[in-house]
Amino acid sequence: MSGDGLVWLILLLLILLFDGTAIHLHKNNKLSLWISGIIMVLLVPIIGFTVGAIFLKISRVVDPTDTHEGSAFAAAFIAMVLLANALIFFITGIVLIIVRFFKTKKS
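Anchor point for the sequence shown: position 100 equals 121 in our numbering, and the numbering is continuous, going up by one each time.
Among the clues, some could well be false.
Dumping the calculated DSS-like pairs for lysine-lysine here, alpha-carbon to alpha-carbon at most 27 Å [as the list claims (entries may be wrong)]:
1) K78 / K127
2) K126 / K78
3) K51 / K124
4) K48 / K127
What follows is a list of derived Cβ distance ranges for each label pair [stated by the list, open to error]:
5) R81 / I115: 39 to 45 Å
6) V116 / F70: 20 to 26 Å
7) K127 / K78: 55 to 61 Å
8) A105 / K48: 21 to 27 Å
9) H45 / V116: 18 to 24 Å
10) L63 / G91: 38 to 44 Å
11) E90 / L64: 21 to 27 Å
12) R121 / T86: 33 to 39 Å
13) L46 / K78: 31 to 37 Å
14) K48 / I75: 29 to 35 Å
15) L52 / V83: 37 to 43 Å
16) L108 / L34: 17 to 23 Å
17) T113 / V83: 23 to 29 Å
Hint data in this document are derived by calculation from the structure and do not stem from the laboratory.
All C-beta atoms in this analysis are idealised placements derived from N, C-alpha and C, irrespective of residue type, glycine included.
Build the full structure now, drawing on both the sequences and the hints.
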């Protein structure tokens with residue numbers, strides 16, 4: 022598996038994990054989507070640094086003479102996509118609250 026494939030696989034697994042958990046908790050009325058978005062935003066730096074450290078260790082094993090900037094770019098890409106995903110959940114949660122407010126106000 023190439024480095025690109027590894028990045029996409031990890032990104033897909035993290036998005037499925039985050040989104041699946043947030044949607045499951047929202048459907049069971051345990052946690053609102055906007056709160057899930059805030060939690061995701063707080064977890065993204067931790068996950069980004071962890072993935073970056075893992076990629077750096079893998080890169081050092083594969084090619085010790087390289088400068089290893091690719092591992093940093095891959096970790097930053099994963100962190101930015103997860104951050105955008107978290108912001109989408111936050112905005113969606115706020116919109117759902119506003120729609121629910123006007124729907125109950127109209128009734």
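Consistency of the hints with the structure:
| no. | hint | result |
| --- | --- | --- |
| 1 | K78 / K127 | violated, 58 Å |
| 2 | K126 / K78 | violated, 56 Å |
| 3 | K51 / K124 | holds, 21 Å |
| 4 | K48 / K127 | holds, 24 Å |
| 5 | R81 / I115: 39 to 45 Å | holds, 43 Å |
| 6 | V116 / F70: 20 to 26 Å | violated, 31 Å |
| 7 | K127 / K78: 55 to 61 Å | holds, 57 Å |
| 8 | A105 / K48: 21 to 27 Å | holds, 23 Å |
| 9 | H45 / V116: 18 to 24 Å | holds, 20 Å |
| 10 | L63 / G91: 38 to 44 Å | violated, 27 Å |
| 11 | E90 / L64: 21 to 27 Å | holds, 25 Å |
| 12 | R121 / T86: 33 to 39 Å | violated, 58 Å |
| 13 | L46 / K78: 31 to 37 Å | holds, 33 Å |
| 14 | K48 / I75: 29 to 35 Å | holds, 32 Å |
| 15 | L52 / V83: 37 to 43 Å | holds, 40 Å |
| 16 | L108 / L34: 17 to 23 Å | holds, 20 Å |
| 17 | T113 / V83: 23 to 29 Å | violated, 39 Å |
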